[in-house]
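There are 4 protein chains.
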Amino acid sequence: MDCIGITANRGKNGASGFLKRFVPALEERGVSVVLDEDAGAHFSGGRVVPFREMVAAADMVVVLGGDGTMLHSVHRMLPDLKPVIGVNVGTLGFLTFSTGDDPEETAEALVAGDYAISERRLLDGVVRRDGVEKAHFQALNEVTLKHENVARMISVEASVRGDVLNRYHADGLIVATPTGSTAYSMSAGGPVVSPRSEVIVITPICPHALSNRAVVVGDDETINLCGKGGEDGDTLVLAVDGHARIPITNADVLEVRLAENPLPLVMRSDRSFYETLRLKLRWHGSNV
Amino acid sequence: MDCIGITANRGKNGASGFLKRFVPALEERGVSVVLDEDAGAHFSGGRVVPFREMVAAADMVVVLGGDGTMLHSVHRMLPDLKPVIGVNVGTLGFLTFSTGDDPEETAEALVAGDYAISERRLLDGVVRRDGVEKAHFQALNEVTLKHENVARMISVEASVRGDVLNRYHADGLIVATPTGSTAYSMSAGGPVVSPRSEVIVITPICPHALSNRAVVVGDDETINLCGKGGEDGDTLVLAVDGHARIPITNADVLEVRLAENPLPLVMRSDRSFYETLRLKLRWHGSNV
Amino acid sequence: MDCIGITANRGKNGASGFLKRFVPALEERGVSVVLDEDAGAHFSGGRVVPFREMVAAADMVVVLGGDGTMLHSVHRMLPDLKPVIGVNVGTLGFLTFSTGDDPEETAEALVAGDYAISERRLLDGVVRRDGVEKAHFQALNEVTLKHENVARMISVEASVRGDVLNRYHADGLIVATPTGSTAYSMSAGGPVVSPRSEVIVITPICPHALSNRAVVVGDDETINLCGKGGEDGDTLVLAVDGHARIPITNADVLEVRLAENPLPLVMRSDRSFYETLRLKLRWHGSNV
Amino acid sequence: MDCIGITANRGKNGASGFLKRFVPALEERGVSVVLDEDAGAHFSGGRVVPFREMVAAADMVVVLGGDGTMLHSVHRMLPDLKPVIGVNVGTLGFLTFSTGDDPEETAEALVAGDYAISERRLLDGVVRRDGVEKAHFQALNEVTLKHENVARMISVEASVRGDVLNRYHADGLIVATPTGSTAYSMSAGGPVVSPRSEVIVITPICPHALSNRAVVVGDDETINLCGKGGEDGDTLVLAVDGHARIPITNADVLEVRLAENPLPLVMRSDRSFYETLRLKLRWHGSNV
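Chains as they are written, first to last, in the numbering used here: chain E, 719 to 1006; chain D, 719 to 1006; chain S, 719 to 1006; chain F, 719 to 1006.
Hint data in this document are derived by calculation from the structure and do not stem from the laboratory. Keep in mind it's a predicted model, so treat the numbers as computed, not measured. Among the clues, some could well be false.
It does not matter which identical chain is meant; a pair holds if it fits inside one copy or across any two.
[Unchecked claim] 30 Å max Cα-Cα, derived DSBU-like pairs, lysine-lysine:
no., residue 1, residue 2
1, K946, K852
2, K730, K946
3, K738, K800
4, K800, K852
5, K998, K946
6, K998, K730
7, K998, K800
8, K998, K738
9, K800, K730
Let the hints inform the model, and build the full structure from the sequences given.
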C-alpha cells in the first residue's frame, strides 16, 4: 500500500475530526495521502487534486459518508473501480468499514492488511430502441422502473434468458444485486441476500395482485424488461441506484445482467454482514 | 321504485347494446328512466339531462363501466349518495352488480327488489394548516400520501385517537376502507377486509424496514398523519381514490375518519364478496 | 372497589417482592385482598381461598405473570369474567397493566379509578358432528386448526356467513380476535388490529400457494371451518389460545363467532396499545 | 442411450396406459427397457428387476408420478444419481418432463437427445453431537426443523460460515435448495429461485416477530443450526424432503451445505421453469 485517496460527503459532520487524526496516522505509517476537493474541504494541509486524479493515484479510496455517498463515489469512479473503504462518522451503514471513532486503528488495519475484501458484483444494463443502444449504465444496488407519474402503474414484461417470467402490472419493478437486497428491494418485500451469492433479485413494487414474490436468478441469466400496454406516450423512468436517469418508452428494451468486474469493498474481518444486518435493521428472530 | 338514472363511461364497449335492451325492459315494468349526457351518448331516444339532475330524479343510479367509473360517479354524486348499481359489460369488478349479459333480468331484479344493499362506509378527511381547513374530501377506496417526486420517500408520523402509531419512512402510506382493501392497499400487502367490517386499514408502501405490517383500526378511531423531517420545501401529494389532488407540506395535518353516511351499493343477493374475490383475484388457498 | 383478588404464576420471579408492598398498600387504602393458592405461595399472611372463590369475592382480579398467565387465568374464570389487571414483573406484555416496579402507585391507581377498561371480545366456538355439539369453548387470542402430525398439511374449507371464503391447503388456519392479532396470527403474517376494532381475523399458516393474505371479517359474521379431502382417518387438532384441546375429523364442523360478553381488561390510561406495540415488537416504520 | 429404467408410483392412474405405448416406442427405437417392481405392476411383459438393479442398468430413469414420487425415487437412488425423467400423467409438476399424453413423442425426444439437462444441487447435511456424526442425509427440496409437538415453538440459532445469522423463535426453520424454493419454502414466504442460481434459502416458519424475511446464501456457505433455550428434554424433529426422520436435541448441531454432485433432471427444451411456475401456481403479475 503506497497511497490512499480520500473523498467525502461535504455535509458530513465529524469528517474534519476524523481526518485530522487519520491522515497523520497514515503518513506516519509511510503511506501517502491524496484528497479530492470534497475531502479537502474538511481537511487543510493535504494534497488536493480532482476526483479522477485522486482515484488514479490511489491504491484504495476512503469514502467519508454513508451508503449514499459510497454509491455516489462508486458511480464517479466507474468504470475503473479501486478498493473502497467506507467511513461513516457516527452511523453504521451496510457498506461501512468504520464508524470513525478509531482513526489510528483504521489506518493501522489498512496498512497492516487487516481487512477483508468483499467483492460486490454490479449490474450492467443497456437500453435499446430498434436494436440501437440508447443508454448504458452500471448499478451497485439496483435499477428501478417506474412510471414518471407517481399516481400511475406500469405494465412491464420481464424475461429471463429469453423465457417470459411474468407480465407485471405494478407501481414498479426492481432489479437488485445482493448488495442492493438490503436497500429498496428489501422495502418492497425482497429477501436478504448474502454478498457471497452471485444472483440477481427481481422484486415487484406493489403488484396489483394477491401474489407478490421476489424471484432470484443466477449469475449467468440476463433479464429483459419491456413496457407493454399502458397508454401511448406513457413514459417510464429508469432509476439507477436511486437516481432517476433514463426515460423509457414502450419501444425500448432494457437488458440487465451481472457486470464482470466487481467492486472490491474493504470490510472488517471481524464484523460479519449478518451482524450489520441485525444491528442496522434491529432484526431479531423473535420479539416476544 | 319510480325512476332509475343511468350514467356511463363514454368509452365503454357494449354499453349501447346493453341500454338498447335495458331501458325498454325498465319502462315495460313501469319504471321511468333518465340518462346523463354520458349515458345518452350510448343510447338515443331516452330522456337526457345533466348528471346532477339525473341523480336528483333517480331512486337508484346505474353506472355503466368498471370499478374506476363507479368511483368517478360516486365522487360526482357526493355528498348526496343514491344507491348505485354497477354494470360492467364483459368484466367482473368488485363493485359490479351485473356483467351486462342479462339486461332484462337485471331490470326485473331491480324492480322486484331482488338485490341486497351493501352499505359501504367512506373515509372523511380534512387537511388543516395552523388549525385552518385547507381541504375536505371523501374517499370510497383510500387516500394515499406520497412524495411528489417518484424517486423520493416520505417521513410521516401516524397517530390513532391521539396516540402515536408509528413514524413511517416509506414510499407512501395508504389509509383504506374495507372497500379499498382489495385495491391499492392489497397491492401494498394489506389484508382483505369484509365489507361488513367497520374498520380502517393503514398500509405502508415499501417502508424502509424489515417489518411491513398493515394496522386495522376501529370505526370510532380518527387517524392523523403529518409529514416529519425530510427537507424543507418537500411537497407530498395526497391522492383520493387514485386521483392526485392535494399538495401537502410538513406544516399540514391530515385527519381521516369513517364518514357517517355510507354508499348504498346494490349487489346481487346470490353472489358473495368472497366469490368475487376468488374469481377476480384468481385466489386459491392452494396452488399445488 | 371493595375487594381485589390476586392469582399468580407460581414460577414468576419477583412476585413475592411485589406482593409484600402491594397487599398492604391496598389494605391501607381500605380495600380487602383475597388470594388464590398460587398467589398465596408468593405471600404469607393474606386470606387464601380457592381460585373460583377468590374470583367470586373480587371486584377485580390481579394476575401476576405474563400474557400466558393472563390467558390461563381468563380460561379458569370463564364464563364469569371479572376485570383483570396484568402485573408482569420485569417485562412488558400486551395485556400488562404494570411491570411491577410500582406496587403503591398501582394500588393507588386502582383505588382511585385511574385506569381505562379495554373491553376485549372473545371468540365463541362450537364443534358439531351430525348436528350434535361435541365441544364448546371461548378464546381470548385465537383458535388454531392443524394436523396432529407436524409434517402434514390440512385441507379446510372456510365459510363466512354461509358464503365459501376459500379452501385452504396449508399447515394450519388461525381465527383470531383483535387481542390475538399480535400473537400467533402476527407470526403467520396477519395484520395488527386495534383493540377497538370489532372484527375477526382469518390467517392461514403457510398455505401451499403464492398468495397468503389474512381476511378480516365483521363482528356479526360467523365463520365455519370444515376439513375436506385429506385421507380418511385424518385427525386435525383444534388449539384454543395455544392449548391443543379438541381432535377434529372431516365429519366435524367448527363454528366460530365473537362472544357476547367481553373481558374487561384494566389498562393504564397513559400507555396506548400502539406504544406497547412499538416497545414490545421493537417496531419502527424505518430502520435506516 | 442404450437402456432406460422405469419406476412408478403404484397408485398412479394412467401409468398403465402410458407404459403400453411408451415401452414399445422405446424398443422400436433400439433402446432396451428395464422396470422395477412398481413399474412392473403397471405393465406386463417387460423385464422387471429390483429398483437398485434397474437404476444400475439404466442410462436414464423415468419416474411415473408427481413431484412426491420424484423425490422418493431420488432418495432411493442416492448416492448414485442417474438422470431422471418425470412423467406425471395428467398433471404438471415442477419436476415434470411430460404429462403423459404423448408417449411416442417422449420416447423420440429421449432417443434423439431433444431435451435439456437441468442440474439440480442437493443439500448435504450432517447432525453431530459432541463432535460425533449421528446422521447424514441429502435433500433435493429442503430440510425442516420443527418441534415434535405441533403446538410448540422452537428456538434455533442459525449461523452462516461461522457468523451468527439470527436466533429464531418460530414454528420452524426451512433450509431449501432452488428446487425446493417452490415447495415448502414458498408456503412460508420465501422467494422463487431459478434452478440456475447456486444458492441456499433460509426461511423461518411463523417467526414470533414482526419481521419475517428469507435469507439467501451462497453456494460456498455452510449453515449451522442448533437448538437454544427451550425446556430440557425438548425434542425437535428434522424432516428431509418432507419426511420426518431425525430427532434433534439442544446438544446437537445440524450442518447443511450444497452437495457436490447434482441431480441431472431431464427437462423439455421448450418449456421454461418460469412457464411451469406461471401455469402451476396460476401466477400473474396482475389480477385486475
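Evaluated hints:
no.	hint	result
1	K946 - K852	within (19 Å within a copy, 39 Å between copies)
2	K730 - K946	between (43 Å within a copy, 21 Å between copies)
3	K738 - K800	within (24 Å within a copy, 65 Å between copies)
4	K800 - K852	within (27 Å within a copy, 47 Å between copies)
5	K998 - K946	between (38 Å within a copy, 21 Å between copies)
6	K998 - K730	within (19 Å within a copy, 34 Å between copies)
7	K998 - K800	within (26 Å within a copy, 44 Å between copies)
8	K998 - K738	within (28 Å within a copy, 42 Å between copies)
9	K800 - K730	within (22 Å within a copy, 58 Å between copies)
Checked against the numbered hints given earlier, this structure breaks none of them.
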